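K.L.:
Spelled out, the chains give:
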Amino acid sequence: MSEAQIKNLEEMFEQRIANDEKIEPKDWMPEKYRKTHIRQISQHAHSEIIGMLPEGNWISRAPSLRRKVALLAKVQDEAGHGLYLYSACETLGISRDELYEQLHSGKAKYSSIFNYPTITWADIGAIGWLVDGAAIINQVPLCNTSYGPYARAMIRVCKEESFHQRQGYEIMMTLAKGTPEQKEMAQDALNRWWWPSMMMFGPTDDMSTHTEQSMKWKLKRKTNDELRQQFVDQTVPQADLLGLKMPDSDLKWNEEKGRYDFGEIDWDEFWQVVKGHGPCNKERMAARVNAWEEGEWVRDAAMEYAKKQEAKKLNKAV
Amino acid sequence: MEKNWPLWEVFVRSKNGLEHRHFGSLHAADAEMALENARDVYTRRSEGVSIWVVESKHITASNPENNGELFEPAQDKVYRHPTFYTLPDEVKHM
Ligand SMILES: [Fe+2]
Ligand SMILES: [Fe+2]
Ligand SMILES: [Fe+2]
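Sequence lines, in order, name chains A and B. Just so we're aligned: the first sequence equals residues 1 to 318 in our numbering. Just so we're aligned: the second sequence equals residues 1 to 94 in our numbering.
If you're looking for bench data, these hints aren't it; they were derived computationally from the structure. Computed from a predicted structure; not experimentally measured. Errors might be hidden in some of the hints.
What the hints assert, rightly or not - 20 Å max Cα-Cα, derived PhoX-like pairs, lysine-lysine:
| # | chain 1 | residue 1 | chain 2 | residue 2 |
| --- | --- | --- | --- | --- |
| 1 | A | K7 | A | K216 |
| 2 | B | K3 | B | K92 |
| 3 | A | K26 | B | K57 |
| 4 | A | K177 | A | K245 |
| 5 | A | K107 | A | K282 |
| 6 | A | K308 | B | K3 |
| 7 | A | K109 | A | K275 |
| 8 | A | K107 | A | K35 |
| 9 | A | K282 | A | K109 |
| 10 | B | K15 | A | K307 |
| 11 | A | K307 | B | K3 |
| 12 | B | K15 | A | K159 |
| 13 | A | K316 | A | K35 |
| 14 | A | K218 | A | K32 |
| 15 | A | K159 | A | K282 |
Claimed, not checked - Output of the computed footprint for chain B on chain A, the stretches with three or more beta carbons under 8 Å from beta carbons of chain B:
| # | segment |
| --- | --- |
| 16 | 22-34 |
| 17 | 80-86 |
| 18 | 95-104 |
| 19 | 297-305 |
Said to hold, decoys possible - Listing some non-contacts, in silico: residues in chain B with all C-beta distances to chain A over 10 Å:
| # | residue |
| --- | --- |
| 20 | K3 |
| 21 | W5 |
| 22 | E19 |
| 23 | L35 |
| 24 | D40 |
| 25 | S46 |
| 26 | S50 |
| 27 | N63 |
| 28 | G68 |
| 29 | P73 |
| 30 | Y79 |
| 31 | R80 |
| 32 | T83 |
| 33 | L87 |
| 34 | E90 |
| 35 | K92 |
C-beta atoms are modelled at their ideal positions from N, C-alpha and C, and glycine is treated no differently.
Construct all of the structure, not just a fragment, from the sequences and the given hints.
P.N.:
If you want it as C-alpha cells, here you go:
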C-alpha cells in the first residue's frame, strides 16, 4: 500500500470512530491503534489477575462464612475479568503466552495499587470500597469504547463490579459501628488506602501524555483530573456516613465550585511504585511467576490427556 | 509436544427461546474442559442455560475487506422488502 492509500484508510478509520461505529477484530486498523489497544487491554487484564493477590491473602481468615463466600466470589470475579480482557486482547493478534511473558518479565505494567499490602481485615473493606470504587469510575466510560471486543468485555466487568464495592463498604460499615478498636482499624485502613486510590486515576492532566489520541479512540472520555474529582466528590460523603475521617487536612467543600478541594498527591511515591519500588512489587511478581511455573506440569498433563483421549476416539472409529 | 492449550469460542443461550450468542473465548486442553471453564468464566450469575464451545481454528470468518462484494449486492434489491410494492390504502391486513 502506498503512503497516500494508508493516509486515506486512516482518515476513513478515524471517521468511523467519530461516527460511533465500532471496530471489530478483522477490520483494518492503524498499527498504532492495535499497539495502543494491546498495551491498554493487557495492562488492564494483568491488573485484574494481580489484583487477586492482596485480597486472596484474607480468604482463609475472613471473620465469618458470610464474609468468606463474598470475598471468594469477588476474587473469582476478578479472575473472570482478567480472562474476559485477555480474550479481548488476543483478538488483536497477540497470543496469551506472549501476554503472560510480558507480565512475568516485567515488560508489561499492572495497576500500582496492588503493590500495597493488606495487613488487616479492614483492608479488604477499604479495597472493595475505594479501589473497586475508583476502578468503576475509570471503567464505566470504557463500555462505550471504540474497539468492540474491549467494549463488550467492559460491559460484563462493570455489571459485576458494583457488588464488589458494596461488599467492601459493608465491611467498613460493620467495623466503623463496632468496638473502638474495630473503628480504629477501619480508620487505619482508610488512611493507608486513600492516597493510593487517588493515584489510580494517573498523573495530573498537565503531566499526562497521550490523552488526546485516547480521547479520539474513546479509550478515555474524561481526563484523569476530572475522574479523580468525581471520585473525591462521591467518596467523601460516604466516609462521613461511616464516621471516618479522610487523611487529608486540605480537604474541604468548595461552595463556589460545588465540589471538594483536596490536597496534593505525593507523586514521588506514585512513580516509585510504578518503577517497581513499592512495598509489594517483588512479592506480587514472585507469587504470580511461581503460580505459573508450578502449574506447568498440570497444563502439560491436561494437554497430554486430551491428546490420548483424541487418539482413543480415532482408534474406535477405525 | 504442543504446549499451549488451544483457544475456544464460547456461545451461550441465556434462556430457552433465545439463540446461542457469542460470549467470548478461553483456553482449554479439550472440549470438556472448555465447557467447564466456560461455565465458570461466563455464567457465574445464571447468564445461561446452554453452552456451546468450538475450537477457534474451526471457524471460518468472512473478511471485512470483501464486505463490498459480499453485502452490497443486497442493497439495491429493494424489491425484497414489502414497502417496495405500492398498494391502495383501502387494502387492509397486508
Ligand atoms: Fe475487576
Ligand atoms: Fe477492574
Ligand atoms: Fe472488582
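K.L.:
Determine for every hint whether it applies to the structure shown.
P.N.:
Against the structure, the hints come out as follows:
1. A:K7 with A:K216: Since the Cα atoms of K7 (chain A) and K216 (chain A) sit roughly 17 Å apart, the hinted pair holds (cutoff 20 Å).
2. B:K3 with B:K92: violated (66 Å)
3. A:K26 with B:K57: holds (15 Å)
4. A:K177 with A:K245: holds (14 Å)
5. A:K107 with A:K282: Given pair K107 (chain A), K282 (chain A) holds - Cα atoms ~14 Å apart, limit 20 Å.
6. A:K308 with B:K3: holds (15 Å)
7. A:K109 with A:K275: holds (9 Å)
8. A:K107 with A:K35: holds (14 Å)
9. A:K282 with A:K109: Holds: K282 (chain A) and K109 (chain A) sit about 13 Å apart, inside 20 Å.
10. B:K15 with A:K307: Status violated; Cα separation ~34 Å.
11. A:K307 with B:K3: Given pair K307 (chain A), K3 (chain B) holds - Cα atoms ~11 Å apart, limit 20 Å.
12. B:K15 with A:K159: holds (19 Å)
13. A:K316 with A:K35: Violated, because 47 Å separates the two Cα atoms, which is more than 20 Å.
14. A:K218 with A:K32: Holds - the C-alpha atoms of K32 (chain A) and K218 (chain A) are around 14 Å apart, at most 20 Å.
15. A:K159 with A:K282: Measuring from Cα to Cα gives roughly 32 Å; hence the hint is violated.
16. 22-34: holds (count 4)
17. 80-86: Coverage by chain B holds here, the residue count being 3 at a Cβ distance below 8 Å.
18. 95-104: holds (count 3)
19. 297-305: holds (count 6)
20. K3: Violated: least Cβ distance 7 Å, not greater than 10 Å.
21. W5: violated (6 Å)
22. E19: Non-interface label stands for E19 (chain B): nearest chain A Cβ at 17 Å, farther than 10 Å.
23. L35: holds (13 Å)
24. D40: At about 8 Å from chain A, D40 (chain B) fails to clear the 10 Å cut-off, so the statement is violated.
25. S46: Non-interface label on S46 (chain B) holds, nearest chain A Cβ at 13 Å vs cutoff 10 Å.
26. S50: holds (18 Å)
27. N63: Violated, because the least Cβ-Cβ distance between N63 (chain B) and chain A comes to about 6 Å, which does not exceed 10 Å.
28. G68: G68 (chain B) is indeed farther than 10 Å from all Cβ atoms of chain A, at 13 Å.
29. P73: holds (20 Å)
30. Y79: Check passes; 28 Å lies beyond 10 Å.
31. R80: For R80 (chain B), whose nearest Cβ neighbour in chain A is about 25 Å away, the distance exceeds 10 Å, so it holds.
32. T83: Correct as stated: the minimum Cβ-Cβ distance to chain A is 26 Å, above 10 Å.
33. L87: holds (36 Å)
34. E90: The assertion about E90 (chain B) holds, with a minimum of 42 Å to chain A.
35. K92: K92 (chain B) is indeed farther than 10 Å from all Cβ atoms of chain A, at 40 Å.
In the structure shown, a violation is registered for the earlier hints numbered 2, 10, 13, 15, 20, 21, 24, 27, in ascending order.
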